[in-house]
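Colleague: What follows is each chain in one-letter form.
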Amino acid sequence: MSPPPGLLRQGEDQLVCHLHKSLYGLKQASRQWFAKFSKAICSAGFEQSQVDHSLFTRQRDKSFTALLIYVDDILITGNDPISVALTKKLLHSQFNLKDLGPVKYFLGIEFSASKNGIFIAQRKYALEIIKDAGLLRAAPVDTPMERGLKLSNKSDLLTNPGHFRRLVGRLIYLTVSRPDITYVVHVLSRFMHQPRKLHMEAALRVVRYLKGAPGQGLFFSSNTDFKLRAYSDSHWAGCSLTRRSTTGYCVFLGPSLISWRSKRQKTVSLSSTEAEYRAMTGASCELTILDLDSLKLWPVIS
Amino acid sequence: MRFHENTFPFANAKPNFFSQHYDPSPIPLITPDHNLSIPFPLPKPPSQTTQIHPPNTQSTHPTSLRTYNRLPKPIDHSLNQSLSIAHPNPPPTPLLLESDILEPPTPSTDINTIIPPTPTPSRRSSRHAGPPAKLSDYVCSNVYTAQSSSFLPGPPKGTRYPLAAYVSYHRYQPLHRSFIAIISNVTEPRSYSEAATHPEWQAAMQSELQALQHNGTWSLTPLPTGKTLIGCRWVYKVKHRSDGSVERLKARLVAKGFTQLEGIDYQDTFSPTAKIVSVRCLLALAAARG
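The listed protein sequences correspond, in order, to chains A and B. Counting from 1, one number per residue, gives the positions in the first sequence under the working numbering. Counting from 1, one number per residue, gives the positions in the second sequence under the working numbering.
The set of hints was computed from the structure by calculation and includes no laboratory data. One should not assume that every hint holds.
[As the list claims (entries may be wrong)] Each computed DSS-like pair below joins lysine-lysine, with the alpha-carbon atoms no more than 27 Å apart:
(1) B:275 <-> A:227
(2) A:88 <-> B:250
(3) B:237 <-> A:131
(4) B:134 <-> A:36
(5) A:227 <-> A:62
(6) B:134 <-> A:21
(7) A:27 <-> B:227
(8) A:88 <-> B:239
All chains should be built: construct the whole structure from the sequences, respecting the hints.
Modeller: What follows is the structure in structure tokens.
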């Protein structure tokens, strides 16, 4: 590796750094780190989930602890405070990490907890999108999309498609806490390869919609019965360009929304019944993933 | 000539220093000794002054000297030297001081004559008053003149839909409110050249280098033949405490791994990125626990 600025003294210009250990930024660095972490955490009795490899759970009698790792951020929860504290202690002994207390800011999402539940929002992220789109001064609109809008590929091509792609990419991440813009973002992302002027206008309308309430988010109520409920719907031949249908579903855990989707189906359906069945298939696939046994999250709670 | 008192860069002068007029001659008296001719930077006193008197305190001399050092114009180097010599010990200007002391300080009654008379409120110009045209490219929620809002009926000028009308924090707890205020407020340098000017970031980089060397992360060797070099760069991060306050400034050395070739430089990669669905599941679980 080339030596960092500020390291070399005079006369050492020819030398380079020979790495003995992994360094941030190397391709294999994250793998090395995860291998080390999962080895440590599995030796403590945690079990890796087969659905999501970054989820680890441990169950001992009544006490249940879950641990979620996102590259180098770790979320721990459980129904037994002692077990949670022990897990933290274990991690502290193995790694040099920092306890940030109750979660407040994770993956750009702001968390606000009260005794009624947890509220998540991407307020700062939404405000940044509005600012970078240059619409801080624009009038907000009430809907993210014009009613019945059919985006065609007829208008002029954008001279700078990267602008559109970046904006829609950020909107996609914003759907993490904003189910209300899921549909329009999914429509917009169909045109990523060849964005046109009309598409950009539709994307900017979403931003103006965001301005109406940038702090909106999801609420996870503490009053829950841990029952999974899923609702699905389809829009037959919703895409006017390909005549393919659209799947929509949402999954609730108790009263809180945990998963949703709006997606154009892979094949053309000849009847709306076919489209409905495909949507139900998608929803039941998601339910399978979220199913009690496979995610191993809530058997003990109920 | 107008005397822009407020824009004059005397930051730490005595407050009554501005209200009194002074003779700028004490400073130029130094320059003939060193055969220097520089344009005198101090604004001339207004023409309506009737009395001009030298500064009546010694403290004005160091202040004016410091202003010389801050001049944006290229100054002859010898002047800076002479100033830096003159600054620690006042004796280079004993003659002036004597003359100051000998001359009796003028009574401060002339303050009233110096202050320009305030315009009478009865007459107002008919010129259209509005925000400057140069501000049309910027978002200024609070740019509107008091005149337009008080005299013209209707909505105030400026932003029609200020963002402040749509962001509300009143539902958050006070603690959370202060937290989001702090995390929205910090900026991080983007490059080494940007960070190298700040001593705090320099210290952060130094400690990172020490930690890497302590771990034995690398050793310095000549480049083996046939190998390609991987670049590296600094990444800067402000670390927050859980209440949002700045805990420390972190500098991190990262390798530019994108120059690595698969199969030659590395075999497998994997990143433990959680599904956002499992994040939400975990949250629903944590919320239920209370």
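Colleague: Determine for every hint whether it applies to the structure shown.
Modeller: Okay, the hints, checked on the actual structure:
Between residue 275 (chain B) and residue 227 (chain A), the direct Cα distance comes to roughly 20 Å. Compliance with the 27 Å bound is thereby established for this hinted pair. Of the pairs offered as hints, the one joining residue 88 (chain A) and residue 250 (chain B) holds, with about 23 Å between alpha carbons and a cut-off of 27 Å not exceeded. For a cut-off of 27 Å, the pair hint linking residue 237 (chain B) to residue 131 (chain A) stands: about 22 Å separates their Cα positions. A hinted pair counts as satisfied when its Cα atoms are at most 27 Å apart, and residue 134 (chain B) with residue 36 (chain A) does not qualify at roughly 57 Å.
As the CA atoms of residue 227 (chain A) and residue 62 (chain A) are separated by approximately 20 Å, the hinted pair is consistent with the 27 Å bound. With a C-alpha separation of about 54 Å, the suggested pair residue 134 (chain B) and residue 21 (chain A) falls outside the 27 Å cut-off, and the hint is violated. For a cut-off of 27 Å, the pair hint linking residue 27 (chain A) to residue 227 (chain B) stands: about 17 Å separates their Cα positions. Proposed proximity of residue 88 (chain A) and residue 239 (chain B) is supported: the alpha carbons are some 20 Å apart, at most 27 Å.
Comparing the model with each numbered hint stated earlier shows that hints 4, 6 do not hold.
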